[in-house]
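Asks: Here are the chains, one letter per residue:
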Amino acid sequence: MAEGSDNLVADAAARIFADLADPQIVNRAKDGGWKAPLWTALTEAGLPLAWVPDALGGSGATIHDGFAVLGVAGRHALAVPLAETLLAGWLLARAGIAAPATAMTVAPVRLHDRVTLRADGTLGGSAAAVPFAVEAEHVAVLADSANGPVVALVATRDCRLTPRHGIADDGGATIAFDGVTPLKHAPTTIDRDALMLTGSVARALQTAGALEAILTMSVAYANERVAFERKIGKFQAVQQNLARLAGEVAAALAVSGSAADALAQAGEIDDAVFLEAASAKIRCAEAAQEGAAIAHQVFGAIGFTKEHVLHRFTLRMLAWRDDFGNESHWAAELGRRVAARGADDFWPLVASR
Amino acid sequence: MTANLQFDQIRLPPECEALREDVRAFLAEEIAAGTFDPYRPGHGDSHSREFSRRVGAKGWIGMTWPKKYGGRERSFLERYVVTEEFRVANAPVRLHFVADRQSGPVLLKYAPEHVKQDILPRICRGELCFVIGMSEPNSGSDLFAANTKATKVDGGFRINGSKIWTSNAHIADYMLGLFRTSAPTKENRRHGLTQFLVDMKTPGITVNPIYQMSGQHDFNEVVFDDAFVPDDHVLGEIDGAWKQATSELAYERSGPERFLETFYVMLELIRALGPEPDLRGAEGLGRLVAQLHTLRRMSVSVAGMLRAGKEPVVEGSLVKDLGTIWEQKLPHRVRELTAFVAPETGNRETLDEQLAFATMIAPKLTIQGGTTEILRGIIARGLGLR
Chain P
1 MAEGSDNLVA
11 DAAARIFADL
21 ADPQIVNRAK
31 DGGWKAPLWT
41 ALTEAGLPLA
51 WVPDALGGSG
61 ATIHDGFAVL
71 GVAGRHALAV
81 PLAETLLAGW
91 LLARAGIAAP
101 ATAMTVAPVR
111 LHDRVTLRAD
121 GTLGGSAAAV
131 PFAVEAEHVA
141 VLADSANGPV
151 VALVATRDCR
161 LTPRHGIADD
171 GGATIAFDGV
181 TPLKHAPTTI
191 DRDALMLTGS
201 VARALQTAGA
211 LEAILTMSVA
221 YANERVAFER
231 KIGKFQAVQQ
241 NLARLAGEVA
251 AALAVSGSAA
261 DALAQAGEID
271 DAVFLEAASA
281 KIRCAEAAQE
291 GAAIAHQVFG
301 AIGFTKEHVL
311 HRFTLRMLAW
321 RDDFGNESHW
331 AAELGRRVAA
341 RGADDFWPLV
351 ASR
Chain S
1 MTANLQFDQI
11 RLPPECEALR
21 EDVRAFLAEE
31 IAAGTFDPYR
41 PGHGDSHSRE
51 FSRRVGAKGW
61 IGMTWPKKYG
71 GRERSFLERY
81 VVTEEFRVAN
91 APVRLHFVAD
101 RQSGPVLLKY
111 APEHVKQDIL
121 PRICRGELCF
131 VIGMSEPNSG
141 SDLFAANTKA
151 TKVDGGFRIN
161 GSKIWTSNAH
171 IADYMLGLFR
181 TSAPTKENRR
191 HGLTQFLVDM
201 KTPGITVNPI
211 YQMSGQHDFN
221 EVVFDDAFVP
231 DDHVLGEIDG
241 AWKQATSELA
251 YERSGPERFL
261 ETFYVMLELI
271 RALGPEPDLR
281 GAEGLGRLVA
291 QLHTLRRMSV
301 SVAGMLRAGK
311 EPVVEGSLVK
321 DLGTIWEQKL
331 PHRVRELTAF
341 VAPETGNRET
351 LDEQLAFATM
361 IAPKLTIQGG
371 TTEILRGIIA
381 RGLGLR
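Those protein sequence lines, which keep their order, are chains P and S. Residue numbers are given in our numbering: position 230 of the first sequence equals residue 230, and the series is strictly consecutive. Residue numbers are given in our numbering: position 226 of the second sequence equals residue 226, and the series is strictly consecutive.
What the hints contain is simulated information worked out from the structure, not anything from laboratory work. Please note that the accuracy of each hint is not assured.
Partial list, derived from the structure: chain P residues whose beta carbon lies under 7 angstroms from chain S [stated by the list, open to error]:
1. Val-219
2. Ile-232
3. Gly-233
4. Gln-239
5. Ala-246
6. Gly-247
7. Ala-250
8. Val-255
9. Ala-272
10. Leu-275
11. Ala-331
12. Ala-332
13. Leu-334
14. Arg-336
15. Phe-346
16. Trp-347
Beta carbons: idealized from backbone N, C-alpha and C, even for Gly.
So here's chain S without its partners, still in its complex pose:
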């Protein structure tokens, strides 16, 4: 196999631009109403039950899903527009975003019909928060080392063990978790894991907060002590979860959220440099703009190729690798470029506050959702090196 990377020239169709205007108008109203502050990322909650319900009412959660499950059957490119506009505005999407991006599509594919009918419409209405239960204290990037057990009992399974770094578990309604139902085999160390839907209100589940170095509370430890999960909450094949990952990963990795999480820093840089920047500022800004434009064109291209039924697995991983490395450096680059901007510049206080926050969260960008090293392993495999 030889390297043959492809980036189709996808332009967002006209219906996307009409939708974009609707989304911007909605966000402007929310900002005016004080729901969130687009300039102060470290302040206030990054989730809001009321906000998510209003987004759901607009039809912007699960918008690509079948109508019979509450979806709107709109295109992935339309979802792309909604995602990027929300991200750029720094809107509090935390509550519904994981369900919209990852959990819903998994349920659509693997959940029994009555479970889909029960849960998917509630996700679409913005009522449900989902978490991903993958990592464990001794199993991070090495997913198949997971050891939290699901033991078969009458009518279901009993779960014992713990998951860690579980973002949003303290506000979550459901978890999509990966649990061990059999030992791995000699031939296949990936064998023996099963995907489950877990109601977070189940007795025997404890959520312990883990505070981050940025001061935020985002992730948690989730401890399972004989927590019961019914048979109809098994998702897909027992012991065969490894077969179920997946084209969803390409969506997860290539989305605009992979390089727009701290976009506010770009805007504050432009404000700090002013309308007539000096040569150093202008060149530095121009390079960042060119790099960002490139990332976005790559990301849109992958979204379009996925929609067309292609499987740009390597291209999707490349978007996340380049995007997260770029965004990780962004606050440092902006700091350098604004080093000689007069201290009395109008937005200095806002800029400094944003830079502090973006700098503190920067290390996580290349860890969450697949580390740089794992991504590059996937890319190397795609290139034919493994």
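This is chain P alone, in the form it adopts within the complex:
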């Protein structure tokens, strides 16, 4: 795993994760007692509200810094709502709403969900499979209103939650907003695509980080585990599989890093930025699927146990495919955009990145 990077904020996050979110220790923990000290340390380092300006209660880090932290979080299969709080803080800040110093999540994360702010000031609609909904004290909601899109800050305890056990057990729930009065709300210029694509790039970076971790783990295991009187890593069939895994890691790292860079520089989401962000979600979801299968194959039965940490990475990667638009959705949208531009404008688009 990368020791030290050119990013101080990511390095600070890495130290906290190493001390307080070690996947082995977390996996063995009988309860969630490790969460509070971890969250406190993250909060003291200003990480959950990194995308919130000082004036609105955050630490005012750059988009680039926040994305770098998410890559590191993925390497630790982090099981607290850091990505979600970052996104919630960003969404609130872009509507001028100060962020509470709590764990937050963001909604909607599924494409077909619609939340509306009614004329009487209450919300309607629901959002399915919102990650960490049962742990987060607040949720930042992107809703439609008669006057255009609004961002609403909602206390989760005011809502009706239906826990939903997905692939990764990260406290997901369907949140019913009907009749709930937000604590605050304000108009925003962020549209659904901007939220979904930013969330998608966050998930892509987490996935790339998780893939890096499972490659390191798989190589180390193949160099230890002996079968037929040889380390299994000496078998060509295993080597070829691990080389394929490295390819998936490489693709995920390259495309997610590129998309993060593109979003950090972007003024608006034009076709080029859309290509970057959508490609990151599509390709990282594909890499998650291929990569998880290979890592499990290398580890054999031990990797399939609750006791082993591998599932903390592989199941999260697979679950992340469905957040903020799955890869099929973004592929269809990207395909439509490319088709509408026409063949002659395709290469110039690709080459512009």
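Assemble the complex: chain P is given as a structure, and chain S must be docked to it using the hints.
Replies: Okay, now just chain S, sitting in the frame of chain P:
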């Protein structure tokens, strides 16, 4: 050693974009003049002496090399732009491409000064075609099994044996060949091979064509019967060629030509699906676009890291492995995605012709320049498994 792959976020600098416009304008003129047809890959020659000379006159061959050898001292990222624009346009670069990518850099590093002064400027002018003499009938991926001998004689060496799968040998001016000057040792089976520059007009060299299953004539058998090579055409250390491979390999493997050889199929897919594709077509196209964009970002990143003096050997091999596997599947994927497109669609004939050609050449993509299996061995070594 643990897995620690790195892909720096390299964006092509502004001077690259100005250059890109120049290259596109040049290619548009060549297409208009009928030099080549960007849509018909199986037709016409993939090389043209006149075209290569015009490219040379533009300063786009050997463009990263020192000016004193005819180069332009431009950056590897600028060369990257030229390479990808030529590839995407399906331009006939066959004559000069190997010299530009591989042979020139080897000569720059290992040839005697007077040889560099003689040959490199001619490569830059687009006058010389180079071939790689590596594989032999009994030595393919296993390079160090090469057995064609170079025997020391007065003033040089006599070469006997044969090289095979030698692309372009029938049009080549020079070969960079790997020949056996000593037997391998017990300790080092890679010992005993030496790299030579060979003038293809040397008496004793015969080139026999080998036709490919696609109907093309690209590679050949080259037979050496007492062919003489002078001492000053030895490149690098005698018996020590194994030490000389090399960072060039990363350039060879990670370039855009590794996934853009049949790019025309992507364009024809977009034309076939039309401006409002159905869901299946749109999703399939979108995935291909995302995969291609990813490959290109990886490839640009490796080019940038090489330029910065890093040695992304594993990353370079990964680009070729992923790129060639992707491109090998491309015609099949496009065939599936266009299966329900109405037969009377305007470009059906062109598409079918392209698909046929791309399908026929697809098997070679994962063989040439390092097979999938060899690449994955290199990657496994880089991961610390060997």
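Asks: None of the hints should be skipped; say for each whether it holds.
Replies: Quick rundown of the hints versus the structure:
1. With a least beta-carbon distance of about 5 angstroms to chain S, the hint placing P:Val-219 at the interface is held under the 7 angstroms criterion.
2. Contact between P:Ile-232 and chain S, as hinted, is not supported at the beta carbon level, the nearest pair being about 10 angstroms apart and thus beyond 7 angstroms.
3. Satisfaction of the interface hint for P:Gly-233 is found here, the shortest Cβ-Cβ separation to chain S being roughly 4 angstroms, below the 7 angstroms cut-off.
4. Here the hint on P:Gln-239 is kept, as its CB sits about 4 angstroms from the closest CB of chain S, short of 7 angstroms.
5. At about 5 angstroms, the closest approach between the beta carbon of P:Ala-246 and any beta carbon in chain S falls short of 7 angstroms, and the interface hint on this residue holds.
6. A least Cβ separation of about 5 angstroms between P:Gly-247 and chain S falls short of the 7 angstroms threshold, and the interface hint therefore holds.
7. Hint on P:Ala-250 holds. Least Cβ distance to chain S is approximately 4 angstroms, under the 7 angstroms limit.
8. Evaluation of the P:Val-255 hint against chain S yields a held restraint, the C-beta minimum of about 4 angstroms falling below 7 angstroms.
9. Hint status for P:Ala-272 relative to chain S: violated, with the closest Cβ pair at about 10 angstroms, above 7 angstroms.
10. The interface hint given for P:Leu-275 holds, since its Cβ lies 6 angstroms from the closest Cβ of chain S, which is under the 7 angstroms cut-off.
11. At its closest, the beta carbon of P:Ala-331 sits 3 angstroms from a beta carbon of chain S; the interface hint therefore holds under the 7 angstroms criterion.
12. Proximity of P:Ala-332 to chain S holds as hinted, the smallest CB-CB distance being about 4 angstroms (cut-off 7 angstroms).
13. A cut of 7 angstroms between beta carbons decides the hint on P:Leu-334: the least distance to chain S is about 4 angstroms, and the hint holds.
14. For P:Arg-336, the interface hint holds, the least distance from its beta-carbon to any beta-carbon of chain S being 5 angstroms, beneath 7 angstroms.
15. Hint on P:Phe-346 holds. Least Cβ distance to chain S is approximately 6 angstroms, under the 7 angstroms limit.
16. Because the smallest distance between the Cβ of P:Trp-347 and any Cβ of chain S comes to about 5 angstroms, under 7 angstroms, the interface hint for this residue holds.
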